[in-house]
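S.K.: Counting from 1, one number per residue, gives the positions in the sequence shown under full-length UniProt numbering.
Hints are all accurate, no fakes.
Under the rule of at most 25 Å between Cα atoms (straight-line distance), these lysine to any residue pairs were calculated in the SDA-like manner:
{"no.": "1", "residue 1": "K95", "residue 2": "T64"}
{"no.": "2", "residue 1": "K84", "residue 2": "P71"}
{"no.": "3", "residue 1": "K95", "residue 2": "E62"}
{"no.": "4", "residue 1": "K95", "residue 2": "A73"}
Have a look at the derived ranges for each label pair, beta carbon to beta carbon:
{"no.": "5", "residue 1": "D83", "residue 2": "V51", "range": "34 to 42 Å"}
{"no.": "6", "residue 1": "A73", "residue 2": "A35", "range": "46 to 54 Å"}
{"no.": "7", "residue 1": "I36", "residue 2": "D83", "range": "50 to 58 Å"}
{"no.": "8", "residue 1": "A38", "residue 2": "A89", "range": "40 to 48 Å"}
{"no.": "9", "residue 1": "T39", "residue 2": "L87", "range": "44 to 52 Å"}
{"no.": "10", "residue 1": "A73", "residue 2": "L50", "range": "31 to 39 Å"}
{"no.": "11", "residue 1": "A73", "residue 2": "D31", "range": "51 to 59 Å"}
{"no.": "12", "residue 1": "D31", "residue 2": "T59", "range": "32 to 40 Å"}
{"no.": "13", "residue 1": "L50", "residue 2": "K95", "range": "17 to 25 Å"}
Note that these hints are calculated values from the structure, not bench results. Each residue gets a CB set at the ideal place from its N, CA and C atoms; glycine is no exception.
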Amino acid sequence: MEPPKEKHSKVIEINVPVDAAASEGMNAPADFETAIAATGYGRFNYLLLLVAMPCCMTTVFETTTMSYVLPSAECDLNLSLADKGMLNAITYTGKTASQLTSWHRAAPNL
1 MEPPKEKHSK VIEINVPVDA AASEGMNAPA DFETAIAATG YGRFNYLLLL VAMPCCMTTV
61 FETTTMSYVL PSAECDLNLS LADKGMLNAI TYTGKTASQL TSWHRAAPNL
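Input sequences plus hints: build the corresponding full structure.
M.R.: Rendered as structure tokens:
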């Protein structure tokens, strides 16, 4: 596959010392199109999309479901405005707490 023809494209540079790049035989910095052409786009990218899409959809469904649950819960459970606010905020509190603990464990290993 040929590299794309020179256009007025932005070149993304990687911060590598000049001496290290020359001694390791690394090529000059490449623009985005050249990098994609070199690495390819294939099965991994499609698999990543297939995994990411349901995650995004569940986040949207989870956050919008409360607008359907709260009106019926207000009548059935005699909830005040503060109770409804707490019920709506607890899901975000749980998301934040779980992310803080998981990143706290994962960050030192990265």
